[in-house]
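Participant: Everything in the sequence shown is counted per UniProt numbering, starting at 1 for the first residue and increasing by one.
If you're looking for bench data, these hints aren't it; they were derived computationally from the structure.
Among the hints, a few may not be true.
Claimed, not checked - Label pairs and their computed distance ranges (CB to CB):
1) TYR58 / LYS16: 34 to 42 Å
2) ILE93 / ASN31: 21 to 29 Å
3) LYS53 / ASP24: 19 to 27 Å
4) ASP75 / LYS4: 21 to 29 Å
Said to hold, decoys possible - With a straight-line cut-off of 27 Å between C-alpha atoms, the simulated DSSO-like cross-links for lysine-lysine are:
5) LYS16 / LYS45
6) LYS53 / LYS28
7) LYS34 / LYS45
8) LYS44 / LYS28
9) LYS44 / LYS34
Built from N, CA and C at the ideal position, the CB exists for glycine as well.
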Amino acid sequence: MKDKIIDNAITLFSEKGYDGTTLDDIAKSVNIKKASLYYHFDSKKSIYEQSVKCCFDYLNNIIMMNQNKSNYSIDALYQFLFEFIFDIEERYIRMYVQLSNTPEEFSGNIYGQIQDLNQSLSKE
Numbered sequence: 001m002k003d004k005i006i007d008n009a010i011t012l013f014s015e016k017g018y019d020g021t022t023l024d025d026i027a028k029s030v031n032i033k034k035a036s037l038y039y040h041f042d043s044k045k046s047i048y049e050q051s052v053k054c055c056f057d058y059l060n061n062i063i064m065m066n067q068n069k070s071n072y073s074i075d076a077l078y079q080f081l082f083e084f085i086f087d088i089e090e091r092y093i094r095m096y097v098q099l100s101n102t103p104e105e106f107s108g109n110i111y112g113q114i115q116d117l118n119q120s121l122s123k124e
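Put together the whole structure using the sequences plus the hints.
Facilitator: Right, here's the structure in full:
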């Protein structure tokens with residue numbers, strides 16, 4: 001259930017942002033009562049943090065899979081760019097864009113994750 005909550009929360013946060021998404025929205029999306037969310041998470045903040053982490057993990061996995069390939073030809077670069085641009089789920093991109101509207105309390109943690117992602121990309 002925890003994974004389903006995060007999965008649906010990513011979609012909601014990517015569409016409505018942090019402030020526009022309520023715990024009621026998240027609970028409704030997984031067909032549970034709002035109070036049941038507290039069994040899995042202690043706050044909306046913790047759901048958001050886990051959602052952001054999941055998005056960065058997803059993006060990093062795509063990058064790492066391509067870094068592990070030994071073929072660094074133009075074709076390999078083209079394939080990487082194609083996969084990175086077109087195979088990423090739209091909601092992950094929307095979530096990444098929403099990060100610019102994230103409340104100040106999350107900025108330090110998110111900035112660190114963005115730096116890690118940028119470092120992974122620069123290795124490519």
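Participant: If a hint holds in the structure, say so; if it doesn't, say that too.
Facilitator: Checked hints:
1. TYR58 / LYS16: 34 to 42 Å: Roughly 20 Å apart at Cβ, these two residues miss the hinted range, so it is violated.
2. ILE93 / ASN31: 21 to 29 Å: Hint holds: Cβ distance 27 Å, inside 21 to 29 Å.
3. LYS53 / ASP24: 19 to 27 Å: 23 Å, holds
4. ASP75 / LYS4: 21 to 29 Å: The hint (21 to 29 Å, Cβ to Cβ) is violated, given that ASP75 and LYS4 are roughly 38 Å apart.
5. LYS16 / LYS45: 15 Å, holds
6. LYS53 / LYS28: Distance of about 22 Å is within 27 Å: holds.
7. LYS34 / LYS45: Distance of about 14 Å is within 27 Å: holds.
8. LYS44 / LYS28: Between LYS44 and LYS28 the Cα gap is close to 14 Å, so the pair holds against 27 Å.
9. LYS44 / LYS34: 11 Å, holds
Hint violations for this structure: numbers 1, 4, all remaining hints satisfied.
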